[in-house]
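Protein chains: 2
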Amino acid sequence: MQELQVELGARSYPIYVGPGLLGQVDLVNRHVSGSRVAIVTNETIAPLYLAQLKAQLARFRPIEVVLPDGEQYKTLKVLDHIFTALLEAHCDRRTTVIALGGGVVGDMAGFAAAVYQRGISFIQVPTTLLSQVDSSVGGKTGVNHLLGKNMIGAFHQPRAVVIDTDTLATLPDRELSAGLAEVIKYGLIRDPEYLLWLERNTDRLLARDSATLTEAIIRSCRHKAEVVAADETETGQRALLNLGHTFGHAIETGMGYGAWLHGEAVAVGMVMAADLSHRLGWLSGHDVARIEALVRCARLPVRAPSAISPARFLELMSVDKKAINGHIRLILLKAIGQAVIVDDCPSAALEATLTAMRDPV
Amino acid sequence: MQELQVELGARSYPIYVGPGLLGQVDLVNRHVSGSRVAIVTNETIAPLYLAQLKAQLARFRPIEVVLPDGEQYKTLKVLDHIFTALLEAHCDRRTTVIALGGGVVGDMAGFAAAVYQRGISFIQVPTTLLSQVDSSVGGKTGVNHLLGKNMIGAFHQPRAVVIDTDTLATLPDRELSAGLAEVIKYGLIRDPEYLLWLERNTDRLLARDSATLTEAIIRSCRHKAEVVAADETETGQRALLNLGHTFGHAIETGMGYGAWLHGEAVAVGMVMAADLSHRLGWLSGHDVARIEALVRCARLPVRAPSAISPARFLELMSVDKKAINGHIRLILLKAIGQAVIVDDCPSAALEATLTAMRDPV
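So the sequence lines, in the order shown, correspond to chains A and B. Be aware that the first sequence starts at 78, since it is given in our numbering, and climbs by one per residue. Be aware that the second sequence starts at 78, since it is given in our numbering, and climbs by one per residue.
Next comes chain A alone, as it looks inside the complex (with noise of 0.2 angstroms):
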């Protein structure tokens, strides 16, 4: 097992990466504060990891919420099933809730320990490649409203990070590959050896080799922790993490949630990111092909859906978080490990983007 520190002062907490970290008794019980857990899982997740982590935090008489799966399922309604669960179990201000499974899990539990009586503790036990490289660290929690990607949530830090790498035996390829998007955007925006690495062993990841596996989650866990680190709530260089994401939100909620996964809408992302990066004269042609290569490689898509016009794309771009005053916000690349953060964007180079990345089909 190894142990990174996300460093935020009263706030920080351990990430833990290992194999059969969920058969370890006392990990995930030593950051239970007060008497009581309440496990938010999935119905995909239950069957697989749920009666294990039962058994561990017997002692704290836990309790189970079991959601539908999928994006489409991360809304203020089904959040509401999880304050019942609790309200019914008579959960109190020391109940800790504990995610297990991928990013809607952890972003829905997050959040709703977040405001459930005004905030109790939380912690992420991550089972997809995705939540454990990504959205399980930071503090970042909400849901989705119908005109918005994460547009209702709180910055709420969880009390540790338990990444069992065992879990992504069971993960769906798809989901592995997208867990993957996340990965490669730590190369592009701060590291580009990292990113020779990953294009070096793309087919060892896809084959899940576990060592393999393992350095790719520590290493993007520590690029993760040092940005979460520098700037918790996105005041600054944090943004840069959305590489990618402004063009993915669009499409989760273009196509409706749950079409795409959002490690898919993210790669696609970041392709038209290099693209229009490489339109502002800032990628050669060769790096926007060396992106889209490795993107392609990892079995993921590199072209935006037919279905959404470029108008509907600007207009689903509006609405963004990093939007002001309805002006567009993006992460482009000055170069490969070099994000940079654009306000003034030039529209004609956008909609050239948005027009040659869509689907033809």
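Since the hints were derived computationally from the structure, they do not count as laboratory data. Check each hint, because a few of them may be wrong.
No copy is singled out in the list; a pair is fine if it fits within one copy or between any two copies.
Within a straight-line C-alpha distance of at most 20 angstroms, the following computed SDA-like cross-link-like pairs (lysine to any residue) qualify [to be verified]: (1) K411 - W359; (2) K154 - D286; (3) K154 - L223; (4) K154 - L164.
Predicted model, so just to flag it, every value in this text is computed and none were measured.
Given chain A, put chain B in place with the hints provided.
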């Protein structure tokens, strides 16, 4: 106009109290951050004061969100209407929400601001006595759950509280009395001299004498500001402000939100707390009679509804936010002006109070 300050370091803010403040240009304006405002109000208040406030804020292109009026609408579902309105108007992170109305509007608008795009600014413009003396100050925001009052929420401090005392002219008598319950509370928990003043001035307050109401608002806000400054997130003495509230919340939840006004339920709750404090040997029979007389004089109820049995009362009280491991935590009175937190109230005494203070009809 008088000005008080809530001292919370970087989150400090002013409370302005006086007549005609809604007509004073730049009082609200100076606390708007960003270039856009969203006024949240209800259908009772909108025809009275919305046009005036909108006119003042014209340069911020105000949008308006008009909610139905009543505690029964303080729900996640109605909250979602606020998010929809904000998103439809493309409100970004630099939007300032303005709560124009009573406690329900303030709690909901504040909570919407707390979680919209993970948190934006808000300003309180309370128009009821209850919200002017209590709920608009201190940053408690949230909504109810069917199973428990204020169970979903956040601490989110406003940028300013603007109290136009002229708005009390349109307040229904029943709501004026409800506000007096929270005023009496300050006297009971920390200021015996204030209680004496209230006993002498109840008639003037009920007659809406402007100078007397203004004095009550200022003295009450000063108490609230002091307590909040010392204990923002209620880890200690702020809990004393909940005198009567554990009983009161049980009444509100048990009778169905909206049947009893919050202040009415708190009024009975305070009389019940006084009765229980007497049973524990702390208050004299004379003290209890004095408290009950003042509450009655303020035209507030002094007995719990017969529809809630003592057993049901206990069940409702056990889900209170202050409860720990299902153990009821009560605020009681050691003496008039001296409140205490009681974790180990003998259940025989509590049950005796629930039985004795139940309305026989």
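Going through the hints against the structure:
| no. | hint | in the structure |
| --- | --- | --- |
| 1 | K411 - W359 | within (5 angstroms within a copy, 72 angstroms between copies) |
| 2 | K154 - D286 | neither (39 angstroms within a copy, 46 angstroms between copies) |
| 3 | K154 - L223 | both (12 angstroms within a copy, 14 angstroms between copies) |
| 4 | K154 - L164 | both (16 angstroms within a copy, 18 angstroms between copies) |
Going through the hint list in order, the structure does not satisfy hint 2, though it satisfies all others.
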